[in-house]
Amino acid sequence: MQPIKFIATPNAALSAGMVVRFENPTTYLRLTHIFETCVFGMWVDVAEKAYFARRPIRYAIEEIKALLRDEGGEIGQIQLPFVFTRSVKDEASEFKLNAAWEMIEPLVSLFEKEENLSARSFSSCIRRRAESLCVNKTTLYRLVMRFYYFGGVRKALLPLARGATPGLAGYKFQPTDGSAEKIYKRRGRQSILAPELGVNEFVVDEADIEDMIRSYKAKLRSGPTYVSIAHEYYLANYFSKRHPEKYRLYLNREMSEPVTVRQFRYYIHSYARLDADLVRNVRSHERNPGSLGSVRANGPGEVYEIDATGGRIHLVSSDDPSLVVGKPILYLLIDRWSRFVISAYISLKPASWEEVRYALLIAFTSREKRFASLGVDIDDNRWPIGRFPAVLCPDRGSEFLGESMERSVAQDLRIEVTPLPPLCPDGKAIVERFIREIKRRMASSELKGVYADRPLDPRTKRIEKKAAVAAVHSLKDAYRSLIEIIDDHNNRPHTALRKLKVLTQAGIAPQPRDAYMWGLRNVTGLRTPPLADEDYFRLLLGTDSASIARGVLRYKQRPYLPVNEIAIEMARISTSRAKSVKVRLDKTDPLEIFVETKFGEWARFRLSVGAMKEIAGLTLDEEEALLGRTAIHWARSDHESRVTRLNNKHLANTKNSKKGAIAKTPVNKRQMDSQETRARRIIETESMKELLTGRQKAPIRGEPSRDSVKADWQKLEEQERLERLRIIQENRNKK
Numbered sequence: 001m002q003p004i005k006f007i008a009t010p011n012a013a014l015s016a017g018m019v020v021r022f023e024n025p026t027t028y029l030r031l032t033h034i035f036e037t038c039v040f041g042m043w044v045d046v047a048e049k050a051y052f053a054r055r056p057i058r059y060a061i062e063e064i065k066a067l068l069r070d071e072g073g074e075i076g077q078i079q080l081p082f083v084f085t086r087s088v089k090d091e092a093s094e095f096k097l098n099a100a101w102e103m104i105e106p107l108v109s110l111f112e113k114e115e116n117l118s119a120r121s122f123s124s125c126i127r128r129r130a131e132s133l134c135v136n137k138t139t140l141y142r143l144v145m146r147f148y149y150f151g152g153v154r155k156a157l158l159p160l161a162r163g164a165t166p167g168l169a170g171y172k173f174q175p176t177d178g179s180a181e182k183i184y185k186r187r188g189r190q191s192i193l194a195p196e197l198g199v200n201e202f203v204v205d206e207a208d209i210e211d212m213i214r215s216y217k218a219k220l221r222s223g224p225t226y227v228s229i230a231h232e233y234y235l236a237n238y239f240s241k242r243h244p245e246k247y248r249l250y251l252n253r254e255m256s257e258p259v260t261v262r263q264f265r266y267y268i269h270s271y272a273r274l275d276a277d278l279v280r281n282v283r284s285h286e287r288n289p290g291s292l293g294s295v296r297a298n299g300p301g302e303v304y305e306i307d308a309t310g311g312r313i314h315l316v317s318s319d320d321p322s323l324v325v326g327k328p329i330l331y332l333l334i335d336r337w338s339r340f341v342i343s344a345y346i347s348l349k350p351a352s353w354e355e356v357r358y359a360l361l362i363a364f365t366s367r368e369k370r371f372a373s374l375g376v377d378i379d380d381n382r383w384p385i386g387r388f389p390a391v392l393c394p395d396r397g398s399e400f401l402g403e404s405m406e407r408s409v410a411q412d413l414r415i416e417v418t419p420l421p422p423l424c425p426d427g428k429a430i431v432e433r434f435i436r437e438i439k440r441r442m443a444s445s446e447l448k449g450v451y452a453d454r455p456l457d458p459r460t461k462r463i464e465k466k467a468a469v470a471a472v473h474s475l476k477d478a479y480r481s482l483i484e485i486i487d488d489h490n491n492r493p494h495t496a497l498r499k500l501k502v503l504t505q506a507g508i509a510p511q512p513r514d515a516y517m518w519g520l521r522n523v524t525g526l527r528t529p530p531l532a533d534e535d536y537f538r539l540l541l542g543t544d545s546a547s548i549a550r551g552v553l554r555y556k557q558r559p560y561l562p563v564n565e566i567a568i569e570m571a572r573i574s575t576s577r578a579k580s581v582k583v584r585l586d587k588t589d590p591l592e593i594f595v596e597t598k599f600g601e602w603a604r605f606r607l608s609v610g611a612m613k614e615i616a617g618l619t620l621d622e623e624e625a626l627l628g629r630t631a632i633h634w635a636r637s638d639h640e641s642r643v644t645r646l647n648n649k650h651l652a653n654t655k656n657s658k659k660g661a662i663a664k665t666p667v668n669k670r671q672m673d674s675q676e677t678r679a680r681r682i683i684e685t686e687s688m689k690e691l692l693t694g695r696q697k698a699p700i701r702g703e704p705s706r707d708s709v710k711a712d713w714q715k716l717e718e719q720e721r722l723e724r725l726r727i728i729q730e731n732r733n734k735k
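Mapping to full-length UniProt numbering: the sequence shown position 245 is 245, numbers consecutive.
Don't take each hint at face value.
[As the list claims (entries may be wrong)] Taking lysine-lysine pairs in the BS3-like style, the calculated list, with each CA pair at most 25 Å apart, reads:
no.: 1; residue 1: Lys598; residue 2: Lys96
no.: 2; residue 1: Lys49; residue 2: Lys369
no.: 3; residue 1: Lys598; residue 2: Lys613
no.: 4; residue 1: Lys349; residue 2: Lys49
no.: 5; residue 1: Lys465; residue 2: Lys327
no.: 6; residue 1: Lys96; residue 2: Lys369
no.: 7; residue 1: Lys476; residue 2: Lys613
no.: 8; residue 1: Lys49; residue 2: Lys598
no.: 9; residue 1: Lys476; residue 2: Lys448
Honestly, the hints are just simulated from the structure, not real lab data.
Could you build all of it, start to finish, from the sequences and the hints given here?
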């Protein structure tokens with residue numbers, strides 16, 4: 001049987017699906033229902049003992065808290081049996097699962113009320129439901145017990161795997177002064193970092209002001225621009241050239257900012273004269289002094305906001321003429337409490353739950369492993385891995401309100417979904433604000449194919465069409481730019497976090513990354529999802545078909561080689577005839593593929609080195625979008641090569657025909673000795689070199705020319721012929 005794997009979650013709030021562990025002896029209490037004054041829980045053990053589970057029993061909340069405080073209890077999660085993290089194999093199993101859920105779904109709704117969980121009401125509700133369905137009461141009772149025994153997961157209604165003991169192998173495997181010049185002094189307050197970085201004594205002169213105006217106009221000519229973006233552009237391209245030493249000290253963190261944003265804004269507003277075209281591109285941040293800040297969360301990892309939006313960037317091919325692949329869909333997941341960006345995913349497919357699944361999968365896996373193949377410079381320290389939320393807050397998009405989203409997230413993943421009411425985008429204002437920031441930053445970047453404003457009027461439509469002419473060639477460039485923006489957002493101060501005095505008291509910088517990581521360790525009483533991260537990873541993997549033969553797994557015509565022992569054994573027993581297998585994979589990172597087994601560990605296959613070079617960091621979505629273009633290239637090349645071969649054959653046949661036949665030079669088949677053959681080979685090779693280089697080789701003084709050599713050979717041949725005739729004549733005379 002699969003052993004119990006308990007994952008402690010310190011400081012977590014009491015929530016349905018969580019488990020309380022007690023020592024001496026070690027027992028586990030699964031919390032099934034949470035009310036104001038009490039909780040209901042059932043004692044759980046290994047998966048095989050779900051058959052003997054008893055109904056949930058009432059406990060006072062104070063009693064549970066006392067046990068946790070005084071008896072050494074711990075709250076956490078129990079890993080699901082491996083069979084419940086696998087995909088449903090066939091339609092028959094899916095039908096059985098849906099039928100079982102329809103049987104107990106009304107009972108689950110009834111048991112949300114405290115009065116229905118008493119001993120009498122609990123059995124009575126099950127009995128009446130069994131009578132209405134004409135099923136055995138015990139069967140229905142055990143289905144309900146299984147549902148609560150495994151934390152309210154819908155897949156718990158499936159039967160456990162038979163045969164070899166889950167989690168164990170069924171067979172054995174083979175085995176990081178004095179000058180009179182007037183000195184001007186800097187006016188205004190010094191930076192708060194002056195005690196650390198020193199007093200800023202830089203004074204702006206007229207040349208610096210001209211540089212500021214020139215840089216601001218240059219950015220406005222390139223497109224819509226904010227003052228803060230133009231300020232950074234001025235420092236990097238103008239100030240660095242006029243004052244290289246001070247700029248070097250600033251980059252080395254040895255002095256304060258020489259020209260602040262307030263100074264830059266003051267000088268351009270005072271001295272810059274802009275024409276109508278430039279004024280049209282001026283952008284400013286909208287302020288909302290009436291905001292109440294009502295979008296709240298108790299701590300990190302409790303409420304995540306998710307949204308999908310169309311990217312204002314064209315992805316085109318590098319062909320001539322260019323072929324538009326399409327504008328991508330951008331998925332973002334952000335923590336409401338800390339403003340920490342958990343996940344970002346770009347897809348070329350229409351918005352759907354399948355794409356949302358990969359946005360969630362990216363959030364909770366290693367950044368280094370995922371983005372290394374795409375050439376993105378990021379690591380798990382700069383962008384830490386997130387944890388699963390208790391609540392997911394989407395808008396009313398079709399991809400978030402569909403039945404697949406409800407069944408997969410709310411029922412299978414046990415994550416609460418709180419969609420917003422109609423016409424209430426401010427209900428997830430944090431992610432909406434960050435989407436606006438991303439579009440602003442990408443528009444101000446130098447990526448080709450980006451446009452700033454939504455194409456609504458003739459001018460913006462013309463800009464959008466111009467952007468389609470020159471664009472990035474792959475999703476890698478878009479991903480790289482996006483992650484640079486996310487990295488900057490997660491590691492820069494945020495005004496909302498500045499208001500959290502608890503961060504100031506703890507000495508934490510008001511940055512989303514630091515606030516998120518500190519909150520996970522120190523904020524208590526948070527709602528926590530009932531499943532472990534490994535279970536979520538398996539549940540979120542996509543499903544597809546592949547084939548295995550001769551020890552190699554092939555998916556999308558690419559070879560995958562075995563990695564772990566189970567995969568090696570599977571490859572060893574494979575035959576020369578290809579066999580179809582169902583695989584689980586992450587389509588955003590197709591370097592590894594898993595094959596479900598009856599054991600705890602799945603077979604793991606990795607893409608071969610040669611195939612890695614073929615995909616060159618492409619995602620499967622991008623590869624599918626490029627299939628049409630690849631087919632066109634192949635067909636065009638095949639057509640041209642075939643026509644060329646046929647033309648060559650036609651010309652050869654024409655030359656060999658009777659009408660166009662060319663008289664061939666007669667061949668003298670006289671046998672030559674080795675010295676004569678070597679001399680002739682040298683002559684022919686030198687002749688070919690002259691033809692290839694396009695110049696005639698001048699004869700060396702003292703060396704006979706080509707014509708003289710030819711004459712000597714002819715003379716020698718004539719002499720030999722005459723000598724043979726003489727010898728023949730003498731022999732005849734002797735007779």
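The hints, checked one at a time:
| no. | hint | verdict |
| --- | --- | --- |
| 1 | Lys598 x Lys96 | 20 Å, holds |
| 2 | Lys49 x Lys369 | 38 Å, violated |
| 3 | Lys598 x Lys613 | 33 Å, violated |
| 4 | Lys349 x Lys49 | 44 Å, violated |
| 5 | Lys465 x Lys327 | 12 Å, holds |
| 6 | Lys96 x Lys369 | 38 Å, violated |
| 7 | Lys476 x Lys613 | 15 Å, holds |
| 8 | Lys49 x Lys598 | 19 Å, holds |
| 9 | Lys476 x Lys448 | 13 Å, holds |
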